[in-house]
Every structure is written in structure tokens, then in C-alpha cells.
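Residue-level listing of the chains:
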Amino acid sequence: MIRLTINGAARQFDGDPDMPLLWYLRDLLELTGTKYGCGMGLCGACTVHIDGQAARSCVTTMKDAAGKKITTIEGLSTTGEHPVQKAWKAVNVPQCGYCQPGQIMQAVALLKDKPKPTDHDIDQAMQGNICRCGTYQRIRQAIKMAAGVKA
Amino acid sequence: MSNVQVVSRRGFLGNVFSAGALVLGVRVLPVEMLAATDAASSAWHPSVYLGLNPDGTVIIVAHRSEMGTGIRTALPMVVADELEADWKKVKIEQAIGDAKFGNQNTDGSNSIRSFYEAMRQAGASARTMLESAAASKWNVPASECKAQNHEVVHATTNRKIAYAELVTSAGQQPVPKKEDLKFKSPADYRYVGKNVPITDLADICVGHGTFGIDARMPGMVYASIERSPVFGGKVKSCDDAEARKVRGVAQTVNIDPFKPPYGFQPLGGVAVIADNSWAALQGRKKLKIDWDLGAHATHESDAYKKELQETARKAAKVERNVGDVDAAFASATKTHEAEYYAPYLSHAPMEPPAAVAEFKDGKVVAWAATQNPQAVQDTVAKAVGIDKKEVVCNVTLLGGGFGRKSKPDYVAEAAVLSKQLGKPVKVVWSREDDIHFDFYHSVAAMYVKAATDDRGRPTAWLQRSVFPPIGSQGDVNARYGGPGAMSMGWIDVPYDIPNFRAENGPAEAHVRIGWLRSVANIYHAYAVQSFTDELAAAANRDRVEYLLDILGSPRIIDLRPANARNNPNPYPLDTARIRRVIELVAERSNWANKKSGNGRGLGIAVHRSFLSYIATVVELEVDQQGKIRIPRVDVAVDAGKVVHPDRVTAQFEGAAVFGTSVALLGEITAANGRIQQSNFHNYPVARINEAPYETHVHIVQSDALPAGVGEPGVPPMSPAICNAVFAATGRRIRELPLKKQKLA
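Here the protein sequences come in this chain order: D and H.
So in the numbering used here, spot 94 of the first sequence is number 94, and the numbers just go up one at a time.
Residues are numbered in the numbering used here as their position in the second sequence, beginning at 1, plus a constant of 151.
It is possible that part of the hints are untrue.
Covered stretches of chain H, as calculated for chain D (at least 3 residues, CB under 8 Å) [stated by the list, open to error]:
1. 207 to 221
2. 363 to 377
3. 424 to 432
4. 543 to 557
5. 830 to 836
In short, the hints are calculated from the structure, not lab data.
Keep in mind that this is a model prediction, so the values were computed, not measured.
Glycine is no exception: its CB is placed at the ideal position from the N, C-alpha and C atoms.
Pulled out of the complex, with its shape left as it was, chain D reads as follows (with noise of 0.2 Å):
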């Protein structure tokens, strides 16, 4: 038996301890803000946080997240009130919207690592993560407001 908290809430899982946390998140809890877009670790639409930072839930097996307490972007703020949720409402961020909660995942890891990001700290930070509908130049906007910096 695996148990883990998933936004605050204590969670068993008795299933494929290999089964990715992404799949249990989407299938199982119906958590489906957290999005599949490569199964491998390289378009960041399914990061969530274990225990404050960034990870990618694709690659992240339920055995490795036992004992971990996970936010997914369904925990980051109901209301949409966190800073970066706020500024990627204020520059209109989105176009299809479907990476964007894994962007804000990211985004918020970054600033609470580097609270005033330079470009290079947010080139490095965010290349993980793959908008299609090419977002980038308004998610760097919005994470420089968010942190309080210079656009």
C-alpha cells in the first residue's frame, strides 16, 4: 500500500506501484489539470510539485511518490488567486490552454527558488516545458510580473 498526500488530502494507492503519478492523478483522482503530453519527461505539461519542487509526473512512478506530499495545479489555488495564476490572467497567457497549468507549475517552482528572475534563470527554468501554441514571449511576461521585475 502506497500512501502520499495529494493536495493536503491523505491518499492510499494499492495499484502498479510502476503505474506513473501523472496516470493515478488523471484516471484514478480525476485531477485532470495535470496534463499528458510525452510520457517522457520532456514536454512538462504534467508537472506537478512534490514536496515544493517542480517534478515531472510522467516519469514519476507512484512507488517514488510514497511518503510525498504532491501539489497539482487543482491545489496551487482554487480560486486562481496565486500571484502567477494572477499574472497569467492580467497578460492573457493562454491560447489552447493546455500546458499552461504544467507552465504555472513550473513558473511557481522558479520564483520560489529565484524570487527575481533574470532571462537566463527563466530560459533555464522553463525550457522543460513546450507550448505548441508558442505562449513564451507572454509566460516570460507574466513570470517577470509575477516576480515584480522589469518586463
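With chain D held as given, fit chain H onto it using these hints.
Same frame as chain D, now just chain H:
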């Protein structure tokens, strides 16, 4: 005859509108029909609906699919504006697939240009009826009543009445005739031309946007499908014993192979059915399938490339001819020629194809990320043997589309499986499925030759393109691009050249071919705009000045067949508009004051597609290692009237990134008939550190008819980037993608 009718509330979307709602259906004649020889016999399609609930809530039905363009916001804005509705009291409902909504295939950068007028009429008609209702209530002339932000005002007596109180009586007013409708003055627009946050913005930012991959039905099972590694292959035998041992796997189900032509049919294969996605994916790995790979198992990209290039060197089918190119070449003192090549591309939307469907009692209900819900109805109906009326297609948000999701094979897979299993089935393509089994953007080989005068201007121009056609979807013998592909940047070269010939050579398709964001414009613009740059370079002339020179004096080019010229063409090819975007982008990019060379360069390209005029300047750096960086892109856009400037800007920002992926990175190849790429490690797309650092979009203020914006930003990107590479390094790039070229 009025083209607005009050329709029965029960006729559609019964659950959306409450009893007593005023519902309008606008009927619109599609633009294409205007050119039909007998317009009167063409069917009139209802297309757009809006309703007012008794509580005054305005329901606007979005009948086009939202894949990131903002259309679920922009078209309702047009309705709400003419209706004088308070946006806070507007609810947007997504339409199911149904022919009565008119064309729902959200492709071809079509939504605003085809439905702008219909939306205006819908809003203005309802507003007029609300004003009439207030007038009869107050017993005053309707001309004295004015709708204003969700209420009707009688200024002389300072009376006001809310829409909510007029809903019932408004429904009893005569429907105004189209010719009697009075539209708002643009100065009074509340929403059109302004930036309203997109409908789904808040949901998306908290993870509540529902995409096809997120849709669920009670009791559903998960399917992952193993398909033939070669297009057209069939299962000879399948041993599923090990697959069925995987925890969570219930069974496997065969899906029949398609019957040529492939169309939108499921490819066929073996589906692993499980109680979660992971189990289904794991089960698939344990299948032992012996395939009959079929005729395309010999498809090799290297050999095919040579074949296409050979074809492009030979005389081919003439698609447009002006003057006498051959005679001009024969007497020319100076000629220039070049060959260009661009590979297959995969769409790779971030959300792979995904759908849920339930077959029950001879009907199918589906939830799908689809650009084309009516094609879902057709395709599913044929696949399971029912009438299309028995297929209900609910449309979710799309995690990107780019043309892939106009083709609903994946929805049909879910329906076929549900029919066999007797329960709802969710089909999710893995990224590997998506890259391996796409409807690929065509590989293309192009040949261009010109004779030039003493100032380097073309006096004769011959161009030939060769690519496997999209027509192969419906015709196994299709070899030529046809009018669709030829009108995408090939016959419509706007230069003033006395001798011009555009040709198209034949090619057989060995994979599924489909339209991808801007389609044939991608390779055609690449060839034409690169070649233009080559001619300008040969003449040692400034590119902006050269482009303006060879465009000639401002004029209208009518490219339609002579026998179709009786009808007014609402969208003539206007070279004055091309000049304007070139001049604008040159000015805003500071073209004249930036110098190229020493690893830094500026490139320009101009292209009209989907009726919009786009000029793009790319500023680019190539470092000592040959690595490209794009600090800045400027895009000048003349798309006619613009409804939502911020979303239009976003489309061009996004197209600059998409175009960067095409130019720098995108390449799909086949070996032994198998697609060699599988995921983002070997089919890379532009990331934040590779995309243009900033894209500046400059929109031409215009009252011209609205034109496309979703796609037209893509075509100029490849040539503008390659022209900038030439300016920076002196290297001419005649083959994409750039990642294969050593620039150091």
C-alpha cells in the same frame, strides 16, 4: 425574404435555454456559395444561435471549436455588441455537431470571415425586437427606443426597462428584414475591436479547462491501440496472451483496417482495453503482432526526395500561365535558378488525439477534441453503421489542433470499440502514436527559374512544385495538388512579371497527408520568398526596395477563372495592401538602420494567405558554433477588420514560434515505410529558449472585410529566417530544416 427566423426552442439545444426564451437562428449563405452558378438552388444553412433567458441572461452558442485562437470569445463578442448586451450577463455554450449550425469545420482561418456578418445580424435582429417590445409596452414609436447595455431606454421620458422584462414580448415582435437592420456605429462598439479576456481563461489557469483527453463517461474503459508500423498494413495474427496478464487489462479488440481511400477512417489495429490508461499502454507493449505491411513498406524518404526533385526538374501540369516564359528564357542574357526542399511535418498538438464515445441503442454520444464535429458525425456513423443523425458529438476544448483535429479517425476508433464492448470507451493517442500515425504535412520539392533585366528584376519566372496531395485522402489516384494547394502561394505570386508560369508535378502519397497550419503556403512561400531574396542578392539590392519594385504599381489581380468573373470578388488580391504591410514592417523593424553581416542578419518575407496580407522581418544571430538565436520578429498584418486585437496579436506571436519550429527543427522521415520520429526528443519543437525572444505585431487599421489570422503568420517565417541567415552568414538555405545545415 428575411434570413433571420424565430425557430422552435425545442428544435435544438433543448437543455440550454429555459422555457420562454427568445431564440433566433440566423441563416447564412456560405461565401463559397456566392460563386456557385445557381445560388438559388443552394441550401441555406442555419449557422448561429443566440438566446435570451427570462432572467435576462444571454446565451450565445459557439459553434466553432476553440483550439487557442479565442474564437469562443471573439464571435460571441460580435453578437453581444450588436445586441447591446452586458458581457457579464452573457453565457457561452458550445454547440454540438449539427449541420443546422452551418459549417463547423474550424479550419482555413475561416471563423470570423465566414460568420462575422451572421453574428452581427443575429445580434442586431434581437436588439431590434427588444426595442420593438419596449416600444409597444410604453406605446411609443420604436424609433424613440434605444437598447443600451442590457436595457432599453426611452430618452424623452427617461424610462428604462431591463432585457429580462422584455424577453417574452420580444419573441412576439416581427423579425426584422435583413435589409431593414440598423447596425451600430463602430464608434459605439463595446466589445468589437477591444480586448475581452477569453471565455476559458480563469478555468484554464486553475486546471479546470476540459479538453478531449479529460472527458469522462460513467462506466468507461480505456483503450490504447497498436497500429501497423507502415501505412496501410494489416494484422496477420496477434498473440495477446501476455498483454491480458497485465494488471488492469481486460481484453483486446481488433479494429478493421481502413478501406482505401483512407479518408478519416480509423487505421485499424489491435486495441488493448483496460481500467486505466497506464495499464492499456503497458498491455500494448506485450502484444505480439505479425503484420502484413503492404505496399508502402518500401517508402524511403531519401529515395522519395530524389524522386520529387527529379519530377520538379521536368515540365509539368501548367496551373497559371502569363506571356511566354520559354521564349523569354531563350532570349535572356541573365537567368537564375534554384531548387528548394521541405520535409514532412507532424502537427504534434500538445494534447494528442483523444475522445470518449458510447454506442448504445443504435446511437453514439461522443465527447471529443475536434475541429470538425460534423465530420465526427459522418465518420462515426459510417464506422458503426448508423445514420449520422444518430451521432451526438459534444465538443470539448482542444489542446491545439493545427489541422490534425479536423480529421476524426480517433473518435471513430472510440465508437467502434464501444460498439464491440457495450460500454463507453476512451481513446487517447500516445505521443508516439501521434507522431507515427499523423496526417502529415506534405514533403515538397520546388524548382524556380527566372530571367532578369539589367536591374535584376524578373522578366520571366517559372516555378514548379511537387508534393503528395491532400486529395489522396479521398482518391487513391490523386497525384496533383489541385486548386486548393495551387491557390496557396503558387498561382498567386503577386509580382508584376510579363512572363510567368506556375506548374505542379505529380507525386504519389505513401503516408496519410493532411493540412497543417497554413498548408501548402508553408513550402510555397519558402520557395518564392527565398528565390526573391536570391534575385535581390544577385542584383545587390536592398530587399525592401526590391520587393516594392517588383510588385509593380498598385493594382488588383483577379486570379479566378475567366468564366467566374461576373460575380464581384469580395476579396481581390490587392497589391497596394501588400505594399502597405512591407512598408509598415520595414518602418517598425527599423529595417533601414540595421546592418546585416558578421553573424547578425535581417530577413524579410511577404505572403498573402487566407486573404490576409503579412510581411515579416526576422532579426537573427548565428554564433560561432552555428547556433541560431532570434532576438526579434516584426510582423505587419492586414487582416481587414479585427474583432479582438489581442487575440490576433497572440495568433501572430504564436505563428512566429510555430514558423520557427518549421524552419529550424521540424522534420519527419520514413525508412522501410516506418516513420522514424516518435516524440519530442527526435521531433523537436521550439522551446522558450529557441523561440523568438520578442515578436512585435503591427496591425493595419482597416475597414476591409475580415480575413484569416490563425494561419497566415506561419508562411513568411521560414523564408524570413533563411533570408536572415543569408544576410548574417552568406549561406543560402535551400532545404529545411535548418538544424541539418552546418552554419559554423
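Comparing the hints with the structure gives:
1. 207 to 221: holds (count 5)
2. 363 to 377: This one holds; 4 residues, not fewer than the three required, reach chain D with a Cβ under 8 Å.
3. 424 to 432: holds (count 5)
4. 543 to 557: holds (count 6)
5. 830 to 836: Satisfied; 4 residues make the cut.
The structure fails none of the hints (numbered hints given earlier).
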